[in-house]
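Peer 1: Single-letter residue listing:
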Amino acid sequence: MNAEEVALVVSVCRARAGLKVAPDKTYLIESRLSPVARSHGFDSISELLDAVRTRREEPLIWAIVEAMAAGETSFFRDRAPFQYFRDALIPQLARSSPGRSVKIWSAACATGQEIYSLAMLVEDMASEEGAPRIELAASDLSRVALERAQGGLYNQFEVQRGLPIRLLARHFEKTDDQWRLKPNIRQRVRWRRINLVAGLQAIGRFDVVLCRNVLVNMTEEAQRKVLSELAHVVSTDGYLVLGLKETPQGLGEAFRPAGGLAGLYRRNPAFRVAA
Amino acid sequence: MRTCLVVDDSRVIRKVARRVLEDVGYEIAEAADGMEALAWCRAAMPDAILLDWNMPVMSGIEFLRRLRAEPDGERPVVVFCTVENDLAHINEALEAGANEYIMKPFDGDIIIEKFTEAGL
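Just so you know, the protein sequences line up as chains X and S, in that order. Going by this note's numbering, the residue at position 103 of the first sequence is 103; the numbering climbs one at a time, nothing skipped. Going by this note's numbering, the residue at position 11 of the second sequence is 11; the numbering climbs one at a time, nothing skipped.
Note that these hints are calculated values from the structure, not bench results. Where is the CB? At the ideal position from N, CA and C, for every residue including glycine. Check each hint, because a few of them may be wrong.
As the list claims (entries may be wrong) - If you only want the chain X side, here are some residues facing chain S, beta carbon under 8 Å, derived:
1. G151
2. I165
3. K174
Claimed, not checked - DSSO-like, lysine-lysine: derived pairs with alpha carbons at most 27 Å apart:
4. K182/X - K104/S
5. K245/X - K20/X
6. K174/X - K25/X
7. K174/X - K15/S
8. K20/X - K225/X
Sequences and hints are given; from them, build the entire structure.
Peer 2: Structure (structure tokens):
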């Protein structure tokens with residue numbers, strides 16, 4: 001790829017999704033865009049980008065952005081947040097709002113492992129006496145990732161990353177060489193395609209928003225914008241969950257560390273007044 | 001130092017598992033079938049056992065049932081590592097007392113992750 005082609009990818013990703021694509025990581029760009037070029041009938045990435053430049057076709061542009069936005073995910077990633085959810089956060093939220101559902105949103109769910117980890121946890125809690133009602137929602141920028149997530153179908157490698165074998169045995173069915181989550185787990189989640197930088201006014205309010213390891217791949221401007229909007233999405237007593245070591249721009253203005261878990265934040269009340 | 005018994009009739013698998021587990025601080029013993037593994041356990045019960053299913057002389061599942069009936073046989077964390085990748089085998093292993101289960105092919109990261117998952 002030449003410098004002009006790299007610059008086009010960087011600018012398209014920044015403009016459409018606030019993504020920060022490092023121009024020196026051409027190997028990453030090439031590995032992500034080669035399959036996109038092939039699947040759209042181009043012989044090379046150069047041909048793909050030439051078509052973007054001359055025809056400005058939205059589906060092509062979004063195919064590039066979605067490919068560059070794809071993040072790493074796995075079941076029960078980092079483990080600690082899920083233990084904290086089960087043992088502390090969900091019981092506390094249920095106590096503080098008796099009679100109504102606890103609403104949780106995975107804001108960039110990729111292929112679904114994060115929200116399904118919660119869905120399995122919630123399903124197992126449901127059999128306990130006095131279990132709270134919990135509503136799960138998930139969204140992603142990528143249509144391809146969302147389709148995969150909704151299907152709930154994973155290969156052997158994916159189900160061996162982070163997923164305890166007892167949960168595999170309890171919540172999955174084997175189909176040929178793949179593993180599919182049972183319908184009772186899949187049906188717990190509502191899905192939507194959402195571009196986080198395009199405005200979140202219509203998304204509603206949530207008690208917990210998971211946005212782990214997402215902002216780290218965005219420009220500083222996009223980080224500030226998304227965080228200021230998330231401050232209006234997280235309910236007054238709610239929480240934002242970021243990656244364990246994430247410190248995005250604008251975090252301190254909109255949110256305050258909640259304690260108890262690295263990456264767990266509460267909305268800054270002062271920020272609400274300022275906004 | 002924590003000890004792990006690697007039970008597999010494939011010398012290559014034993015070698016790979018040894019390398020992975022030694023790197024994270026385990027002292028490794030090896031057995032090529034369930035009977036040999038049982039003798040090891042009776043002599044010195046390990047902290048963990050990485051266990052193949054299909055082996056000559058005594059299978060992994062037979063070994064596990066006998067192990068759990070031994071004095072102190074409940075103590076080792078047992079992680080199956082096998083080509084048997086269907087739910088029937090997984091459930092049979094869990095009922096016999098397995099703590100975790102790796103489906104081959106595997107890589108070193110999965111062994112470490114599963115050992116962590118099993119509380120090691």
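Peer 1: Determine for every hint whether it applies to the structure shown.
Peer 2: We went through each hint and held it up to the structure:
| no. | hint | verdict |
| --- | --- | --- |
| 1 | G151 | 19 Å, violated |
| 2 | I165 | 4 Å, holds |
| 3 | K174 | 6 Å, holds |
| 4 | K182/X - K104/S | 23 Å, holds |
| 5 | K245/X - K20/X | 18 Å, holds |
| 6 | K174/X - K25/X | 38 Å, violated |
| 7 | K174/X - K15/S | 31 Å, violated |
| 8 | K20/X - K225/X | 14 Å, holds |
The structure fails hints 1, 6 and 7 (numbered hints given earlier, in ascending order).
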